[in-house]
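Required output: the full structure, derived from the provided sequences and hints.
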Amino acid sequence: MRKFHELTTQEIEKSIGRLKNEGLLLEETVFIAEADVLRCRFLGRRVNIKIDLAYGAEIDPVDSFSSKEVDEISSLILTRL
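First residue of the sequence shown: 1045, per my numbering; consecutive thereafter.
To be clear, the hints were calculated from the coordinates, so they are not data collected in a lab. Hints are supplied without guarantee of correctness; some may be wrong.
Stated by the list, open to error - Mimicking DSS-like on lysine-lysine, the simulated pairs with C-alpha atoms at most 27 Å apart in a straight line are:
no.	residue 1	residue 2
1	K1094	K1058
2	K1064	K1047
3	K1094	K1112
As the list claims (entries may be wrong) - Derived CB-CB ranges, DEER-like:
no.	residue 1	residue 2	range
4	D1107	T1073	16 to 22 Å
5	V1106	F1075	17 to 23 Å
6	R1046	F1075	22 to 28 Å
7	S1119	T1073	18 to 24 Å
This structure is a prediction, so every number in the text was calculated from the model and none was measured. We put the beta carbon where it would ideally sit given N, CA and C, even for glycine.
Pasting the structure below:
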């Protein structure tokens, strides 16, 4: 099984598209010099997924999330590839 940090922007976007019923929604994709940023909501709370060109993908919560919830987001995305 692939690791979350190995995923591409396109793979994550496609997976999120399949997760609307699970409460994960993509609101906007932003491109900055060093990374792509997917601005999302998970169960109504804001969370960013950053795909750094050098370090790979990581989940960066904007609102308060437990580490268990961050792991859940990662797992959901990986299972819907």
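Verification of the hints:
| no. | hint | verdict |
| --- | --- | --- |
| 1 | K1094 with K1058 | holds (15 Å) |
| 2 | K1064 with K1047 | holds (22 Å) |
| 3 | K1094 with K1112 | holds (19 Å) |
| 4 | D1107 with T1073: 16 to 22 Å | holds (19 Å) |
| 5 | V1106 with F1075: 17 to 23 Å | holds (18 Å) |
| 6 | R1046 with F1075: 22 to 28 Å | holds (23 Å) |
| 7 | S1119 with T1073: 18 to 24 Å | holds (22 Å) |
Against the hints set out earlier in the document, no violation occurs for any number.
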